[in-house]
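There are 4 protein chains.
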Amino acid sequence: MIAGIIGAAGYAGAELVRLLHGHKKVSGLSLGSVSKEGERIENVYPNFLSKISGPLVTPEEVIAASDLVFGALPSGAGEQYAQSCLEKGISLIDLSADFRFDDDEETYEAWYGKGYAIPELRKNSVYGLPELNRERIKTMAASGPVIVGNPGCYPTGASLGIFPALAKELYAGGTIIVDSASGITGGGRAPQKSFHFPECSDSVSPYKVGAHRHLPEINRNVRQMAARFKRPVPPLVFTPHLAPMNRGILSTIYIPLHGERGALSGEAAIRPPSKETETHEAEIRELYSSFYRDEPFIRVLPQGLTASTGRVRQSNFCDISVHLAGGTLIVVTAIDNMVKGAAGQAVQNMNIVMGYDEAEGLETVPALF
Amino acid sequence: MIAGIIGAAGYAGAELVRLLHGHKKVSGLSLGSVSKEGERIENVYPNFLSKISGPLVTPEEVIAASDLVFGALPSGAGEQYAQSCLEKGISLIDLSADFRFDDDEETYEAWYGKGYAIPELRKNSVYGLPELNRERIKTMAASGPVIVGNPGCYPTGASLGIFPALAKELYAGGTIIVDSASGITGGGRAPQKSFHFPECSDSVSPYKVGAHRHLPEINRNVRQMAARFKRPVPPLVFTPHLAPMNRGILSTIYIPLHGERGALSGEAAIRPPSKETETHEAEIRELYSSFYRDEPFIRVLPQGLTASTGRVRQSNFCDISVHLAGGTLIVVTAIDNMVKGAAGQAVQNMNIVMGYDEAEGLETVPALF
Amino acid sequence: MIAGIIGAAGYAGAELVRLLHGHKKVSGLSLGSVSKEGERIENVYPNFLSKISGPLVTPEEVIAASDLVFGALPSGAGEQYAQSCLEKGISLIDLSADFRFDDDEETYEAWYGKGYAIPELRKNSVYGLPELNRERIKTMAASGPVIVGNPGCYPTGASLGIFPALAKELYAGGTIIVDSASGITGGGRAPQKSFHFPECSDSVSPYKVGAHRHLPEINRNVRQMAARFKRPVPPLVFTPHLAPMNRGILSTIYIPLHGERGALSGEAAIRPPSKETETHEAEIRELYSSFYRDEPFIRVLPQGLTASTGRVRQSNFCDISVHLAGGTLIVVTAIDNMVKGAAGQAVQNMNIVMGYDEAEGLETVPALF
Amino acid sequence: MIAGIIGAAGYAGAELVRLLHGHKKVSGLSLGSVSKEGERIENVYPNFLSKISGPLVTPEEVIAASDLVFGALPSGAGEQYAQSCLEKGISLIDLSADFRFDDDEETYEAWYGKGYAIPELRKNSVYGLPELNRERIKTMAASGPVIVGNPGCYPTGASLGIFPALAKELYAGGTIIVDSASGITGGGRAPQKSFHFPECSDSVSPYKVGAHRHLPEINRNVRQMAARFKRPVPPLVFTPHLAPMNRGILSTIYIPLHGERGALSGEAAIRPPSKETETHEAEIRELYSSFYRDEPFIRVLPQGLTASTGRVRQSNFCDISVHLAGGTLIVVTAIDNMVKGAAGQAVQNMNIVMGYDEAEGLETVPALF
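Residue numbers (numbering that gives the first Met the number 0), protein chains in the order written: chain A, 0 to 368; chain B, 0 to 368; chain C, 0 to 368; chain D, 0 to 368.
Just so you know, these hints were derived from the structure itself, not from any lab.
Don't take each hint at face value.
Since the list gives no way to pick one copy over another, a pair counts as held whenever it fits inside one copy or between any two copies.
Derived SDA-like pairs: lysine to any residue, alpha-carbon spacing no greater than 25 Å straight-line [stated by the list, open to error]:
{"hint": "1", "residue 1": "Lys-137", "residue 2": "Glu-357"}
{"hint": "2", "residue 1": "Lys-207", "residue 2": "Glu-41"}
{"hint": "3", "residue 1": "Lys-23", "residue 2": "Lys-50"}
{"hint": "4", "residue 1": "Lys-50", "residue 2": "Asn-350"}
Throw the hints in and build the complete structure from the sequences for me.
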């Protein structure tokens with residue numbers, strides 16, 4: 000098959016190029032760029048020299064040449080290409096936020112500043128978090144071309160950490176806090192002050208505190224999972240931070256616990272964790288493991304290990320560690336923001352849509368450095 | 000005066016050397032080291048060459064030569080020197096945890112693995128967080144030599160962020176979450192795998208989740224401040240992270256809010272912050288500002304700025320920004336872990352004990368890089 | 000085939016594990032460690048979890064189980080295993096310096112502090128820089144098991160930059176300067192002060208100036224290539240630096256030029272490069288390109304690009320850019336020190352020895368970050 | 000006195016602000032900016048909050064308010080302000096390249112693309128490298144207002160490493176190689192791709208190889224020092240590199256040696272350094288030390304230490320280490336590019352011009368991190 004990428008000159012697009020280049024089912028790539036149309040990909044990314052080369056063409060040419068298309072344009076810029084894909088009868092994996100909110104245009108508009116250009120496209124769209132929606136993606140893809148709204152980076156790490164707490168009835172009610180740190184590639188390739196080396200290296204900075212666009216997306220996922228298991232919908236607070244590293248998102252998630260476990264809170268700050276805490280923690284770990292038993296890209300870490308971004312580098316894994324403290328369940332998730340948080344998950348979605356092995360092209364063993 | 004430093008070869012000790020070298024009231028330094036006694040400080044720290052030089056002597060020699068001593072030894076290693084100081088009639092600023100818990104030996108023992116060597120020293124000791132205890136330090140120092148238990152790095156950033164929420168009756172009850180990220184210098188100078196460049200650069204890692212020794216110290220401070228204002232004592236959860244930077248601690252603190260403000264929680268994840276949120280936020284910012292009105296080293300940041308470690312680098316400042324989201328008050332504090340989190344605060348304590356201007360020797364304008 | 004790794008717990012060993020895991024001809028791995036025998040590889044490297052697992056066994060067990068063995072032990076520690084391999088009739092790719100100097104034991108002893116344990120092993124050994132010795136490796140492997148002395152990281156980048164200048168008669172005589180910067184992984188996994196994050200991040204430091212053990216290895220390669228083309232043997236000066244990055248070696252090499260081109264030197268510092276300089280530079284670039292025409296892992300960069308470590312990350316490429324200034328040819332080479340500088344080149348040698356496609360298992364597209 | 004800064008919003012300007020804030024003779028600052036006129040300095044640099052504040056005014060207002068002015072504008076943008084200063088009768092320390100070439104307009108034009116706007120200003124200008132020109136600066140300042148052309152960052156580190164080799168007749172003729180690595184702040188505050196975190200962190204990259212504008216400035220300095228001691232003028236080759244750190248320039252300089260020492264070249268790559276090499280090295284170190292005996296900011300390091308940027312951080316020091324290898328003298332110099340390489344040297348020049356203690360305001364002890 001020929002895979003097309005619209006927006007191949009951005010970081011997520013280039014990561015897609017890299018991943019798809021090694022994908023056994025992909026025989027060729029068609030690369031498009033709006034801003035760099037006419038240039039060659041190996042000039043835009045000289046790291047590709049002698050491996051990947053070719054001109055950046057128009058989105059229309061990409062669609063014409065491809066059997067499936069990835070959209071890696073900014074939110075709000077690509078609905079017409081989605082329509083063209085459907086018209087041609089091919090599927091689109093879209094990395095923008097445009098298809099992440101299904102028919103809830105109101106929420107999308109509130110956070111992204113304008114409504115849908117072509118609302119009816121949502122009849123054929125599905126939110127592409129496989130751990131939430133795998134069956135739905137498959138079913139829709141079985142009956143025709145589909146638009147997959149590929150999840151945001153923060154929502155992926157946050158949602159995967161919260162789901163089992165809802166499903167396994169650990170969550171007791173009360174606010175869930177998501178505190179995340181992202182590598183700088185999350186900001187894309189366009190130079191700006193926040194990502195200028197002297198301004199961001201050797202510093203950790205929160206930004207858009209309580210007001211980041213990924214909050215409603217996390218909320219959407221969590222609400223949906225709560226509904227599935229008939230659980231209360233948790234209020235959410237989300238704080239993203241910029242950390243001086245290239246890749247990775249670490250999310251530390253605080254979930255109030257039920258009953259006996261929750262009752263431990265009074266003790267927390269006074270004495271070190273007791274044997275009892277450890278036992279509860281092991282039980283919860285087991286519940287998390289069983290929830291994700293069949294997931295190819297989720298690793299619930301054994302006791303003694305804490306999730307960290309350095310151990311999922313360049314891979315599609317989401318590492319999860321669970322900890323219990325003061326009646327609060329602390330779940331830590333780590334992903335590579337460019338892989339499971341963007342391009343890798345998009346390839347995973349392609350694999351699901353096309354009926355390929357879900358891990359095809361995503362076999363990279365995490366590099367420690 | 001002659002200032003002595005026991006443990007001058009460690010990072011906190013060396014930072015003390017640097018700060019005291021520029022202190023107008025300090026005419027000379029006496030430097031001691033247990034492990035490197037006999038070596039010269041400028042060989043241990045060649046960055047000091049031509050500015051600061053001299054042999055590292057024994058702790059006993061330091062005490063004999065000094066008018067005030069700083070202890071920068073590991074916890075549990077220095078009580079006998081504290082006693083010697085008192086016997087000689089000079090004060091000690093101790094950077095270990097040994098004098099941070101006053102007469103609560105039980106808590107100290109539970110977390111540090113052994114009890115006090117000389118319990119009665121606590122009659123002359125005081126916890127040295129000036130923003131909490133300034134008057135007490137002064138009073139005690141007025142009547143004789145004193146041992147100041149210099150605060151831990153995380154407890155400094157965390158406590159300063161929580162205090163006004165208690166004092167100003169913003170805190171509504173429920174668990175307060177402290178999520179912190181520290182630069183690698185926090186781990187000291189002894190090489191170990193966690194601080195080996197390839198293992199920690201380009202990664203963010205939580206550690207000792209819910210079980211870090213600084214938790215009971217934060218708890219102590221918060222309980223004490225709650226008592227002062229007759230507020231409920233908040234249960235605390237604390238997660239430290241290691242971030243790939245040299246200096247700095249960023250703490251993002253989640254505090255459940257009272258009444259009308261707290262009632263906003265249901266809305267949080269659904270719509271972007273409203274004008275109302277901004278108004279509440281401004282009121283809270285004003286309360287924080289007024290609480291710290293007379294503090295020389297606390298900067299409550301104006302609307303639009305978020306605290307980040309890169310802006311307090313090399314200074315004794317604690318930057319604080321306040322944010323409101325989903326009925327939760329999010330307070331972000333940033334300190335330089337080696338200055339306000341260690342050596343700088345120790346100098347501040349010396350200034351208080353000796354009756355100097357509290358900012359003497361701590362005038363460094365933060366370096367952006 | 001089963002590939003064995005002795006020394007799998009070190010950085011080079013672990014990188015071998017990662018690369019061989021994806022190698023189509025390798026059906027299984029046997030992992031050995033002297034210091035961590037009995038532990039499991041996925042506990043030593045938790046980034047491997049769910050991808051690669053198994054116990055670390057003794058070197059003897061590795062040899063018994065394998066069809067080819069990689070040695071990743073410190074220099075001087077593995078000759079007996081080399082002998083065991085030969086006795087069993089299997090080849091060894093050795094990453095230490097023990098087989099890099101052929102029968103020149105004197106040079107080895109002068110720099111490594113002791114002589115060969117089993118000198119006669121050198122009858123079956125060959126220096127494994129494919130761009131220098133491919134045919135010899137093939138010939139030897141054709142007639143029985145062979146020991147390949149896998150090159151050092153610095154010598155790889157340096158030698159590849161110098162070879163064409165000798166072969167193409169560009170070098171005019173006089174000292175060749177090799178100025179190199181390495182990422183911190185080059186120092187291995189054992190924590191020590193030089194690689195402690197606060198000591199090496201945000202700093203560039205030369206070390207072992209003019210006295211690094213890789214100097215005689217570069218010298219050996221260069222002398223050999225000079226002999227092949229009957230050119231004068233250049234005196235060499237080599238300065239390694241430590242740079243605050245994980246991977247990569249950049250070598251900036253200064254080569255005095257012949258004749259007309261060399262005569263430009265007087266002008267160099269006075270006026271910007273002329274058109275004539277550019278023409279000469281293009282000619283030299285063409286000579287470099289033609290010299291490496293058939294090499295699968297060497298990329299001679301086009302005009303306008305300068306080699307940098309960030310563009311070969313995680314790949315087996317050696318990027319080369321050539322520049323002309325002041326009668327001096329400046330050649331810049333960039334490799335990933337852990338791949339082309341260690342484990343990748345070892346896999347390349349295995350491929351040559353076993354008659355596989357030379358690029359098998361080394362297809363990774365360089366990651367920009 | 001009131002010190003003025005034109006261009007206070009750039010990195011060099013802001014570093015000047017920081018340094019002058021602590022300068023005992025400076026009672027006030029007047030801050031100007033062309034691009035950010037009307038904004039406040041503490042908004043442009045929130046790290047200054049509560050320490051330094053005030054509006055950014057026009058260059059004309061700065062000149063009117065000041066007793067001495069610093070110019071921190073791009074090259075070619077500030078000659079008219081220089082003229083205004085002279086007319087007002089006050090001195091200017093100019094950090095651009097406009098006054099670094101004295102009356103050699105031809106060289107300036109060749110490298111900077113246009114000639115002098117007001118050539119006659121050079122009657123009152125002097126190149127401000129104190130170690131080269133201290134007496135001349137003093138003499139000129141004694142007879143009226145002066146324009147000091149503050150040196151470039153690379154030329155400072157390179158020239159200081161070469162001078163003693165000329166003066167002490169160590170240099171034997173032949174090309175001198177200067178290989179330098181700079182921190183990213185050297186590129187200024189304007190975001191661009193080369194300084195975008197994901198593009199430059201974890202990579203070392205040469206740039207403008209053999210064609211950097213600082214080459215003619217190094218050449219100028221070296222020629223002038225050669226003339227002073229009646230030595231041959233060395234041809235120069237200069238390669239700058241970008242390294243992933245904030246501050247610092249490391250220069251590794253290769254100087255061909257005379258006579259007996261130079262004759263060692265043949266041996267270099269064959270055997271480790273001999274006792275004889277060490278003796279010669281010690282003699283050369285002594286010559287370097289004696290040359291800089293009275294310099295307040297130069298530290299010639301003792302045997303066993305190698306200059307590194309991490310040890311001069313935030314200080315005005317230039318560290319120098321000397322090494323001997325293969326008949327080549329290798330001199331390594333390290334400066335903080337923002338201090339001795341820019342703002343610190345400018346303050347040093349102000350001190351000389353005004354007759355203050357030369358080290359006033361520059362007492363910072365280097366921070367190890």
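Status of the hints after comparison with the structure:
no.	hint	result
1	Lys-137 - Glu-357	within (11 Å within a copy, 40 Å between copies)
2	Lys-207 - Glu-41	between (35 Å within a copy, 21 Å between copies)
3	Lys-23 - Lys-50	both (16 Å within a copy, 19 Å between copies)
4	Lys-50 - Asn-350	both (23 Å within a copy, 20 Å between copies)
Checked against the numbered hints given earlier, this structure breaks none of them.
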